Amino acid sequence: MSNLISLEEKLDAAGLSRRDVLMPDNIDEYLRKGIVQGQARRKKSTTRIRRRAWSGIAMALLLIACVTTIRISPVFASFLREIPGMEAIVNLVRESNDRGIGLALNNDFFQPIGASDEYKGIKLTVEGIIADDTRAVIFYSVDNQSSNERLTLERPRLMDANGKDFARGISWGNIAPGIETKDIGFHRGTIDVQLQEGDELPETMVLTTALVAGETNVPVDLEATEPPESTPDPVVNHLYTVNIPVDRKKFEGLKQEYSLNQTITVEGQRITFTKATVYPLKIAVDVEVDESNSKQVFGPADIRMTDEEGGVWKTFMTFGDFRSKTTIYFESNYFRKPMELYLEGEWFRALDKSKMDIVIDTDKRKLLQAPDGFLKLKSVTPFGKYKKITLQLAAKEKTAGMWGYNVISGDFIDASGKAYKQAYIPGGTVVSTSSTGEKNEQEMYYYLDDKKYEQPLTFKVGSYPSFIHAPYKVRIK
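The sequence shown begins at 1 in the UniProt record's numbering and counts up by one.
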């Protein structure tokens with residue numbers, strides 16, 4: 001059991017109150033911007049992110065690195081840093097985009113770890129975790145003492161003590177360069193572990209990961225004829241292993257369930273919200289789409305959760321592909337205990353089922369079929385032992401939630417009907433976005449094993465900026 005008491009008690013003991021130590025108005029607002037995702041607030045921006053491998057069910061998640069800050073009272077920040085093991089967590093959570101993590105931190109959910117693995121002057125340290133029955137956020141640091149080269153995680157894996165994978169999905173990311181005060185070879189980040197409902201975190205999590213060399217936030221020139229990369233990023237030749245003990249007594253059984261079974265119709269497409277479950281670290285909303293719909297619904301573009309005071313709780317992840325059943329995750333307000341909760345929005349991404357194929361002749365470097373004229377094939381180029389396909393997408397309208405389309409799904413077939421999977425490379429797939437005024441563009445890179453295929457190749461659309469619209473409001477409680 002952690003020896004930390006709640007921050008509220010510590011504040012009282014120090015003679016401080018919430019209003020004394022925080023700007024803006026409440027203790028939770030400092031816990032925004034940056035654990036796994038953020039969004040650049042500039043009129044013109046180009047951001048590069050990497051799509052990582054997921055374990056378990058298909059998951060749609062866009063990680064966009066940025067630098068945005070929320071002011072924290074120096075008194076409060078200094079106070080937190082006096083608690084053993086908390087300094088690194090303050091630096092991470094202060095950039096957080098997930099208020100639920102901050103609320104959990106304030107309610108004594110943080111478990112300090114301090115376990116490391118070191119190889120040839122490169123140390124991976126798990127600073128601590130915040131966890132509940134279905135999610136664990138792992139706070140880590142990488143210290144490259146052998147050089148100033150920045151290293152990031154590559155294919156992290158979570159197992160129990162018997163070597164069995166238990167995670168439904170894993171995502172990870174770093175704080176963007178410029179936030180850390182140490183040299184460029186040192187950085188911190190988080191691993192976000194999602195579990196299937198009904199599963200549980202083991203008493204010991206075993207983290208294994210490689211480290212990949214290379215900067216992850218280099219702007220990409222969308223006007224360039226060819227992408228700048230020619231070979232995959234190198235990988236440090238060592239598999240790091242860190243054992244992470246979990247105190248399950250902190251969170252076991254903490255949840256609130258609400259049956260919804262409410263169906264909305266958006267331009268003829270039926271979408272049903274079936275259940276909402278509130279956990280300390282997330283709110284899970286289960287969604288089903290009618291299989292008889294004429295369009296393939298990819299997901300909501302602007303869904304949000306609101307409370308009786310008008311507070312907004314943002315979505316941060318979607319599990320599933322909306323072919324049938326999907327789960328949408330929101331920031332948790334478990335510790336806030338609102339009297340009323342609603343789901344609100346206006347837009348869903350959806351495409352006619354007759355337009356779900358993208359056909360490319362990679363030998364002739366031609367795009368033969370696409371949902372519309374806004375998708376272009378920029379290039380097919382060698383990339384080490386792979387072929388690299390670069391697609392460009394110019395959105396026809398500026399709509400909330402439009403960024404981050406994984407246009408091509410993972411599987412494809414050749415002209416004979418033989419099925420293949422896209423190649424996974426060290427560093428993952430890069431997605432770039434650029435916005436200038438009303439002009440919105442996205443560039444995507446996909447990788448195939450460099451072999452002879454019977455042309456052309458047919459890919460399925462994973463998501464697309466085609467929208468249906470109707471305002472809706474669904475009551476949870």
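Since the hints were derived computationally from the structure, they do not count as laboratory data.
As the structure is a prediction and not an experimental result, all values here were calculated from the model.
For every residue, glycine included, the Cβ atom is placed at its ideal position computed from N, Cα and C.
Accuracy of the hints is not assured; some may be wrong.
Calculated cross-link-like contacts (lysine to any residue; reagent style SDA-like; alpha-carbon spacing at most 20 angstroms) [what the hints assert, rightly or not]:
{"hint": "1", "residue 1": "K337", "residue 2": "D108"}
{"hint": "2", "residue 1": "K473", "residue 2": "K249"}
{"hint": "3", "residue 1": "K460", "residue 2": "D414"}
{"hint": "4", "residue 1": "K477", "residue 2": "K355"}
{"hint": "5", "residue 1": "K249", "residue 2": "P112"}
{"hint": "6", "residue 1": "K355", "residue 2": "A370"}
{"hint": "7", "residue 1": "K452", "residue 2": "I425"}
{"hint": "8", "residue 1": "K385", "residue 2": "A423"}
{"hint": "9", "residue 1": "K387", "residue 2": "K355"}
{"hint": "10", "residue 1": "K473", "residue 2": "N261"}
Okay, the calculated beta carbon distance ranges per label pair [claimed, not checked]:
{"hint": "11", "residue 1": "A470", "residue 2": "G311", "range": "51 to 57 angstroms"}
{"hint": "12", "residue 1": "G268", "residue 2": "E118", "range": "16 to 22 angstroms"}
{"hint": "13", "residue 1": "T381", "residue 2": "T263", "range": "42 to 48 angstroms"}
Exercise. Return the numbers of the hints above that this structure violates; sort them in rising order.
Key: Hints 2, 4, 9, 11, 12 contradicted; others consistent.
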